[in-house]
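Two chains, each in its own frame: build the complex with the hints.
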Amino acid sequence: MFDVAKIRDDFPILARQVNGRPLVYLDNGASAQKPQVVIDAVTRAYADEYANVHRGLHTLSNIATEKYESVRGIIARFLNAPSEDQVILTSGTTEGINLVAYGWAMANMQAGDEIILSVMEHHANIVPWHFLRERMGVQIKWVDINADGSLDPQAVLDAITPKTRLIAVTQISNVLGTVVDVKSICAGARARGVPVLVDGSQGAVHMPVDLSDLGCDFYPITGHKLYGPSGSGAIWIAPERLAEMRPFMGGGDMIREVHKDSVIYNDAPMKFEAGTPGIVQTIGLGVALDYLMDIGMDKIAAHEADLCAYAKSRLQTLPWLHVQGDAPDRAAIFSFTMDGAAHAHDISTILDKKGVAVRAGTHCAGPLMDHLGVSASCRASFAMYNTRAEVDTLIDALEFAQDLFG
Amino acid sequence: MGSSMAQPAFEDIVDDFEFLDDWEDRYRMVIEMGKAMAALDDALKVPATKVDGCASQVWLHPMIDGGIFRFDGDSDAVIVRGLIAVLRALYNDLPVDRVAQVDAWAELSRLGLQDHLSAQRSNGVRAMIDRIQTTAAAA
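Going down the list, the protein sequences come from chains A and B.
Take the first sequence: its position 399, counting from 1, is numbered 399 in the working numbering, and each next residue is one higher.
Take the second sequence: its position 35, counting from 1, is numbered 35 in the working numbering, and each next residue is one higher.
Please note: incorrect hints may appear among the correct ones.
[To be verified] Covered stretches of chain B, as calculated for chain A (at least 3 residues, CB under 8 Å):
| id | stretch |
| --- | --- |
| 1 | 26-35 |
| 2 | 77-84 |
[Unchecked claim] If you only want the chain B side, here are some residues facing chain A, beta carbon under 8 Å, derived:
| id | residue |
| --- | --- |
| 3 | Trp23 |
| 4 | Ala55 |
| 5 | Ser109 |
No lab work stands behind these hints: they were computed from the structure.
Glycine residues also receive a C-beta, built at the ideal position from the N, C-alpha and C atoms.
The following block holds chain B by itself, in its conformation from the complex (with noise of 0.2 Å):
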């Protein structure tokens, strides 16, 4: 894990990154873990979990348990979908008071998506991180 604050769910996919050389081995490989990830039930798809700033529709339902981080989420777009996906792995069960730690981007950038992810800030990336570290803060 060396200095990284991430998760080993994090650390695999990042494994699984290393080998891809091009865009789009890796946007296929966004999109399959998009297309894997379960749907958040329709039940949580309310104002409240609606996550504003992005251009398609995102939900994130953070749970905190024990003092352990977690979230689902989903979206209509299978790509950002993927990037809940690798969020979760990302943040899920870290100690609520560790989500602040997290250097998200530095992270992100280890998958070799961070021009596509800073690039096009309609994605929702930075507004799901944002919620993230504000659900976490006030917990």
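Here chain A stands alone, though its shape is the one from the complex (with noise of 0.2 Å):
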């Protein structure tokens, strides 16, 4: 049974109070907060049993590597992915897909070939495709999201060309919180040859995820939004794929051999991380995730499901609010703008004074703004600990503001 007071116990951060207020946290898109489990492993981590991992033959160093390399197979068994040899450690999502441009894409296309992209996709799912397109005159093809924000994935696969090297779309938009059809799209793209990178930023957050079954060739993960460590996450890549890529950083633990004239690298996964790794934050990790599959995904998303539900029929109790994105498909995550002459750091400074966590910006997705034709949205992104009252208490805040601005 799912209880959401007991998970609140877990968070000591969620019983503080800002400004003479309870912490009301709905900024979980941008970072969740830790249970207490993590905060002790990161502690125990670095109290008792630290030292570098794969280097020492001391107790100490295997003791952080047997720990360390442990995280590897809970990672798998998260994702149900294949095999942990093909999950690399990583430090976040943005690392993840740098590592697939460097290694994969870099190694693999040439001048005019192309690459999808969502409109919606993060800056982390961008900014490494225009390196390409400046670097090596690698094409990026846009798709756009129907009017209510949903992203059709025939539109997608209608993109294909004999030129598309890649399609790399994320699983759930962070800004609108749809929630995208990877599955059909990655059935699609496989029959015509074309590999697909999914975003697991937010997916792999708010939904049980099976890479068995999902049918992609990347799927990055980032820690710090699953209750984990920050400077924490993985890959997961497929066999066929890793064995097109070269190594990406170069440096300690990917190499095998080093000569004044010649090296020989470690086989993957190691081959694809270089020097001493976030040692402690990937134990963390380990134990974040191990406590959210004792939980159960599905069980959290029901529990958001309900939450979502719940905080789209009060959004909409609000006309001079606007929600950016309906779609029929979505997580707890709401970007809105307000009527009068409220900007969105208005907004969240007003909601801040009320103990509410909000983002306010551009949330690192330029062209989605542009697309959607909003200069700043505020964004409530909920998390398996929040509830409904919290929904309340965001409600109430809302309504404050719009008296306060007018």
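What follows is the structure, given as structure tokens:
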């Protein structure tokens, strides 16, 4: 049974006050808070079990290596990936997508080749592809969303030409909350021989993910949105693509032998993990994912679906509030603007005074904001520990802001 | 005016704020000032007047005439417009060589807004004061 009160007790920060009010943390799309088990694991890793990994043969190095390496298997279980050998540990989705850009795309693309992106991608899934455009003459092809913020899988597939080398698309929009039918995109792309990168930054947080069924080629995740430490993350890469990749960053760990005039690389996944990694962050991520699996991603998704429906019904009662996007399949992420003088930064400042933490700005999604014709918006993004009562607090705070700015 | 270096217009604001007990009323006042302030001409919203380091868009247009400092400003955020209005009251019509002597943070603290201003670096007050000081120093 999903018990939100019990889950809230696991997150010490949720008990604090902000500006004299109980914290209502609705900036989970940017980063989620951490349960005590993750905080304890990070402390224990430094206090009792810390040494570099993969290096020494002494006791502490062995313990740290074992704990660190065990996370690969935890991630594979969390994503139902075929093998943990296909899981590359990263600092987050940004590093994961840059690894694909430098390690796979640069080695397998040439001038005139095309990458298909939806217009609602996060900058982390845009800027690495701009690098390829600037440096190699690769073309970016943008697929528009529908008026309700949904993305038609067929529109993505219709953009494929003989020059298309990659489709890179988010599973859930970090601005609109739109859930994309990535499975249909993967199936259609596979039939045409086009690899697909699915940005799981938001998706893995809000729904069960089954990579054995999804059919994508690259699936990056970010630890800090998954209730784990910042600076942790991973990317799952299909074995066919791994075989086509060259190393991105050079350094220790990714190498088997180094001589004055030659190098022999390590095997994947370590071939793509140069230098001392985020040891403790990764150990903390493993604990966070175990915590999520203990609760059950299906139960988390059901709780968030209830929050989503409730928040949507309440936000709809505010005639002066405009929520961007209303896709039929959506997550509990709401971006909005208000009638009148109030700018997104004005609204977030006032909500903060009421204890409600939201994000304001362009949400690292410039092309989407251009498409929507909105210069800045506020975003309330929910997590498994949020409640209907917190939706009510948000509504009250919005009404107060509306009264203030009118 | 006492030991303050500030202008009469700013002292009027201080007087108004003196009777406001809670943050809600202080913000309401700042918002009213923001709404009431004339907009900057779009032709003056150019890269040269844009102030970087603010979460919202901010423009400052300084004018020094006969040794007297003035500036107009604008923002797309109402609260920031209100803060610009406060800063205009603080600095406008000062002899340019006195601008550097204004302790802006001390003056702003008299409005009871300092917690909000210093805690939120992104509101751009720091960047605006820097721009004002730099412009006056270069005159």
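Now for the hints, and whether the structure bears them out:
no.: 1; hint: 26-35; verdict: holds (count 5)
no.: 2; hint: 77-84; verdict: holds (count 4)
no.: 3; hint: Trp23; verdict: holds, 6 Å
no.: 4; hint: Ala55; verdict: holds, 5 Å
no.: 5; hint: Ser109; verdict: violated, 18 Å
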